[in-house]
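Novice: Now for the letters of each chain:
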Amino acid sequence: MRAVQLEEVSKRFGDYFALKDVSMEIEDGSSVLLVGKNGAGKSTLLRCITGIIGFEGRILTLGMDVKKLGREVRRLVGYVPQNIRYQEDVKVVELVDYVADLKGVDVFLDEVLSPLGLQEVAYSRVGSLSSGMKQRLAISLALIGDPKLLILDEPFNNLDPMARNKLSELLQTIVRRGRTVIASVHTLSGLIHSFEYVAVLRAGRLVRILEADEVSRIVKPIYKIHVRVGESWRTYFTDDVFAKLSELADEGYDIRDAWIEEPDAEELLRAIGG
Amino acid sequence: MNTALPILVKRSLYSLLLSRWMLGYIAVFTALSLSFAYLGLLGLSTVGFRAFSGALAAIINLNLYAVPLVSIITASLSIVAERENGTLEFHLSLPVTRSELFFAKAFSTMLAISLATILGYGLAGWYLMLVLSDADLIIFLNILGASLLMIFSFVGLGMLISSATRSRFTALATSIALWIFFTLLYEVFLMVFVIVFRISALDLWLLMILNPLEASRLLMVYSVDPSMSLIGELGNYLAREFGGAAAYPSLGAPLLYGSVCLIVGLAWFRRIDL
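Just so you know, the protein sequences line up as chains A and B, in that order.
Take any residue in the first sequence, note its place counting from 1, add 32, and you have its number in this note's numbering.
Take any residue in the second sequence, note its place counting from 1, add 21, and you have its number in this note's numbering.
Hints are supplied without guarantee of correctness; some may be wrong.
[What the hints assert, rightly or not] Chain B side only, calculated, beta carbon under 10 angstroms to chain A, not exhaustive:
#: 1; residue: A25
#: 2; residue: I28
#: 3; residue: L29
#: 4; residue: K31
#: 5; residue: N106
#: 6; residue: E110
#: 7; residue: L113
#: 8; residue: T118
#: 9; residue: R261
#: 10; residue: E262
#: 11; residue: R292
Derived from the structure by calculation, the hints contain no laboratory data.
Owing to the predicted nature of the structure, the values given are computational and were not obtained by experimental measurement.
Yeah, the Cβ is synthetic: ideal placement off N, Cα and C, and Gly gets one too.
Just need the whole structure built from these sequences, with the hints factored in.
Specialist: Shown next as structure tokens:
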């Protein structure tokens with residue numbers, strides 16, 4: 033069975049085509065990483081798959097036509113929008129109840145919040161949470177009801193490295209349980225290894241779908257490492273962050289004053305001729 | 022029927038009733054209703070008018086300005102504020118339809134303002150009970166009913182504005198402009214029509230009930246004085262030609278007005294992108 037099937041899907045905002053004739057199939061139980069620069073159409077595609085916005089063409093999500101059965105689709109899908117916002121004066125526990133009520137499921141608060149370490153803020157107001165916590169809350173809410181399909185739009189935004197690791201592990205566990213996962217990113221991070229397929233979007237068109245291993249063979253993500261030396265900064269390029277950091281530390285650099293820039297999707301697009 | 026409407030209405034109503042805006046309206050409306058009831062009984066009775074009529078006239082006037090203003094502003098901000106804050110996508114990502122979300126916003130706004138208005142009337146009514154006869158009580162309830170109709174029509178109009186605008190500022194400006202038009206300018210236009218075009222009493226009446234506020238005013242006048250002599254020649258004409266049936270169009274017009282606005286607003290809301 034296919035988790036998602038898109039047939040000639042287009043989405044236009046005025047004269048601008050955010051998506052143009054996109055057709056693709058995603059098998060049940062697989063994991064797909066949507067890669068593309070900002071404005072490539074990733075968020076629009078994910079919104080169409082969940083039936084949140086209208087579009088031309090046809091999309092079957094979990095075997096249901098999203099144009100006709102959007103509500104039923106969203107009952108079985110967990111979706112994390114990009115830069116999600118909540119009413120600031122609502123408590124976390126109230127949001128959990130609200131989502132669980134709408135999905136028609138009974139949940140234990142701890143079960144929902146503990147996987148991403150949010151149990152301590154259960155009775156806090158959303159407005160008091162940091163951006164990273166809000167992002168973790170969005171993912172926790174999307175997982176309510178054990179969705180058959182999990183859709184995440186830029187899920188690693190605002191997350192620190194530890195939370196990213198935790199989320200990567202969680203996603204792998206979800207895929208192992210036979211659930212389908214689709215996530216979008218605009219940078220090429222180590223995340224590719226957590227997914228089976230990589231779908232590349234450019235200017236609203238689907239350029240190619242590759243196996244994640246193939247992507248790793250085609251392109252080695254090059255990270256930029258900026259290190260402070262005295263009053264100025266020096267930049268190094270590497271495909272192995274940890275090895276380079278060790279090397280710099282051995283050379284006597286103070287790597288507490290350093291930051292790492294992730295390679296963006298442009299590199300992959302160049303490598304596959306997209 | 023499996024609908025998310027009760028959950029959405031409950032959540033929306035809860036947040037509306039706790040908003041500073043609504044609490045302020047409840048406090049001001051209740052205080053003014055009570056003051057008018059008190060002053061009406063105190064002052065006008067000494068100069069020979071029927072005490073109840075004096076109190077009632079003041080409350081009706083307060084009602085005709087305050088209720089449409091609060092209804093149109095609250096409703097017009099309901100969707101556009103969520104859209105501008107970015108919280109609309111969260112609601113739409115859940116198993117709800119756009120129609121359910123739209124009607125939940127409309128119903129909860131109507132309920133919140135109705136409850137606030139009933140509370141204001143209730144306290145004034147409780148005070149007026151000291152002098153009210155059974156007939157007066159029925160008049161009082163009829164006027165409350167006309168206010169609820171006015172809430173329906175202006176919330177409908179507000180929902181249409183909320184769907185059609187893209188920013189809170191535009192929604193607010195449009196609401197205030199329409200409120201000024203319906204409460205102040207419409208009467209000026211009617212006078213111009215009467216003087217310049219010498220329209221018939223029937224045409225004047227039809228033009229009056231095109232404005233839901235005027236329709237409610239006529240209904241309130243009819244409740245107080247079924248002969249409608251309070252509004253002069255037009256009232257005499259209506260009483261002579263139509264008798265009690267003259268009240269029905271005033272009853273139907275706000276209902277029709279609110280319903281049409283809600284239908285157009287919903288159609289608009291179903292088309293908008295996020």
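Novice: Take the shortest C-beta to C-beta distance between R292(B) and chain A; is it under 10 angstroms?
Specialist: holds, 7 angstroms
Novice: Answer holds if the nearest beta-carbon of chain A is closer than 10 angstroms to that of N106(B); otherwise answer violated.
Specialist: holds, 6 angstroms
Novice: Less than 10 angstroms between beta-carbons is the criterion; does K31(B) satisfy it with respect to chain A?
Specialist: K31(B) check passes; min Cβ-Cβ to chain A is 9 angstroms, inside 10 angstroms.
Novice: Against chain A, run the beta carbon of E110(B) and see if the smallest gap drops under 10 angstroms.
Specialist: holds, 5 angstroms
Novice: Is the hint on I28(B) kept, meaning its closest Cβ partner in chain A is under 10 angstroms away?
Specialist: holds, 5 angstroms
Novice: Take the shortest C-beta to C-beta distance between E262(B) and chain A; is it under 10 angstroms?
Specialist: Violated, about 50 angstroms.
Novice: Would the hint on L29(B) be counted as holding, given a Cβ-Cβ threshold of 10 angstroms to chain A?
Specialist: holds, 8 angstroms
Novice: Could you check if T118(B) really has its C-beta closer than 10 angstroms to a C-beta on chain A?
Specialist: This interface hint holds because 5 angstroms falls under the 10 angstroms limit.
Novice: Does A25(B) meet its interface restraint, that is, does its C-beta lie within less than 10 angstroms of any C-beta in chain A?
Specialist: holds, 5 angstroms
Novice: Quick one, is the L113(B) hint okay against chain A at 10 angstroms, beta carbons?
Specialist: At about 5 angstroms, which falls below the 10 angstroms cut-off, the nearest Cβ of chain A leaves the hint on L113(B) intact, so it holds.
Novice: Hint R261(B) vs chain A: min CB-CB distance below 10 angstroms?
Specialist: violated, 54 angstroms
Hints 9 and 10 from the earlier list are contradicted by this structure; the remaining hints agree with it.
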